[in-house]
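*Asks:* Order-wise, the sequence lines are chains A and B.
For the first sequence, our numbering begins at 1 and goes up steadily by one.
For the second sequence, our numbering begins at 1 and goes up steadily by one.
Possibly wrong hints are sitting among the right ones.
[To be verified] Below 20 Å or equal to it, Euclidean Cα-Cα: the simulated PhoX-like pairs (lysine-lysine) are:
1. B:K169 / A:K129
2. A:K123 / B:K156
3. B:K169 / A:K123
4. A:K204 / A:K154
No lab work stands behind these hints: they were computed from the structure.
Predicted model, so just to flag it, every value in this text is computed and none were measured.
These are the residues of each chain, in order.
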Amino acid sequence: MAGRGKRKGRRIPSHSHKVINTSEMGILKNLFKSWKKQADSDQSQVRGLLIYENVNEVIQAETVLKKAGYDYIRVVAPPPHYRTGCDLCLEFPIIEQVGIVRTLEKHNLPPLESVHLSEDALKPIEICKIKDFGNYLMIRAANMKLTFEKTSQKIVNISGGGCSDVPYLANEMMGKTLLEAPIPREIGYTLCAYSLAIAFEEAKNRMGGT
Amino acid sequence: MLLLAGTLPTTDIELHAGTAALQQDVLTIGDRSFPLTRGTASMIGAACAVICYFGDELPQCVVAGDIGKRSGSRLIYRHLTRHLPKTNVTVLGLHYIIPDIGLHNQVMMSIRKMRQRPCLIADAGFMYVAKASGQAPFYDLFLPDLGELAFLADDKASHPAYTRGFLIKLEDIPDKLIEHAYDTGNAAQYLCVKGRTDYICANGKIVEKIDEPLIEELEAIGGTGDTITGMVAGLVYHGFPIEKACTIACKTNRRAGQIANPTPATQIAEIITMIPQALNEIVIDTSDNNSNRMLSKNEMII
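Next comes chain A alone, as it looks inside the complex:
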C-alpha cells in the first residue's frame, strides 16, 4: 500500500534538469500543467441556469451570490420553454452548482429549478442613452427613461416601460432625490424595474456616485 501512496523524497530543482539530462521531462510536465489549466477553464465555461418564480427573486439571489464572492454569475433570459414574457434567471458555472445552491438555500432563496444551458442565453441591455435638457438630464436604459433635475438631483419624471410595477415605481421614486429614492432593484418585480435600475444607477454615477 505504501508504494501506491505519495512518494517521499527530495524534488529535483528545475535548473537541475539540464545537469541530469531530464529537461524534456520538465517540458512534458509544463505541457501537462497547461493542458490541465485549459481543461479546467473549459469545464468552468459549462454553464447552468437557476430558475425562479419572478424577477425580484432573481435580483435578490444575484445580490446574495455576488456578496458571497460569486461575482461572475450573470442575469440572462430563461430558455424558451420557461419563458412567460417577463422573466430573468441566473447563469452560473455548472462546476460551482453545489456551493451556489447551498449559499442560496442559506438565505432562503432556493431556485425553483437548476438546469443545464445548451446555448447562449440573451442578456439584458445595460447600455444607457443620455439626453440633456439643460436643467434636466434624461437617462434611458432599454425601454425605461428616468429624468432628474441637475441642481436638486430630484427625480421629476419616469416614463416608458409596460410592466405593472412601472407606474408604482414612478409613484415611489418621483419627487425624491437620487439619494433618497428607493432602489428599483429592491422594490420592483419585473424586467422593466431591472432596466429602470440600470438608468437609476447611471444617473447616480453621473452625479458623482451620490
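Position chain B relative to chain A; hints supplied.
*Replies:* Showing chain B alone in chain A's frame:
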C-alpha cells in the same frame, strides 16, 4: 362598446370594472376615483377626453391593482378570457400588464370565439406579451416607442430588456426597424411608432410621418405615449380608420403638449386637460382637407 383594460399601481383594489369618466384631473371608473397618473389611467383619461369631444358612449374599463406581483394582471387576463366571448366589444384597448404568454394565449382564444372580432389595440405590457407569444399579426395596432420598436424587430427577444445591441444601434434608422418587425412577423397590421418623429405604418409600409410641432420635453414626461394609445382607441371607436386615428392622435398629443408649455418635470395630467382644445384644432384642420371619411360601426369591426 369600447373596452379598455390594464393594471393600476395600487394594492387597494383587486378586479374592478365599470364605466369611465374624466372630470378635470380625476378619473372615475364605476364608483371609484383614481389619480390621472402615467400608465393605464392616462390611457383611459385620454380616451375619455376624445369620447366626450365626439359625444360617444363612454368606455367600459377592466382594471386591477398590481404593483408588479402579477396578481392583478392575472385577474385581468382571466376576466377577459371568461367574459369576452359574451360581449359586443368593437374596440379593445389593452395596456399595462405583466406579460404572461400562457394567459395571453387564453385571451386570444376567447377573442376568436367572439361573434365579431373587435379591433385589437395593444401597447405596453400587452404589446410585449402579444409579440413574445408570436401572435403579433393577429393584432390591428401596436404603439411602440423607438426602444420598443427595436424589441419588435428582434425575433429572439421576449421583452424589450433583451433587445440585442445591433438592433438598438438601428434606432437612428427607424425605417429599418419597421421593416425588420414586419419581416419577422412581429408587428401588428398597423404600427404607430411614437418618437421625435411619429411613424404610422400599414401592413409593412410607412404611410405617414409626423414631426411637428416638435416638443422635445414630451419624451421625458411619463404618460405621453399612453395618451396617444387612449386617443387612438377613442378615435377608432368613433369611426376613424386606424391610420387616420393614429395621425389625429399623434398631432393632438403634440399640440396638447405645446399648449401646456411643458418642462421635463411636467406631469401628464396637465397635458390630458389640454386634449379637448388640441383635438378641436386638429379635427377642424383635418376635416378641412376632407380626407377623414368615417367608418360605420359595421365597417369598423374587422
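*Asks:* Go through the numbered hints given earlier and state which of them the structure violates, listing their numbers in rising order.
*Replies:* none
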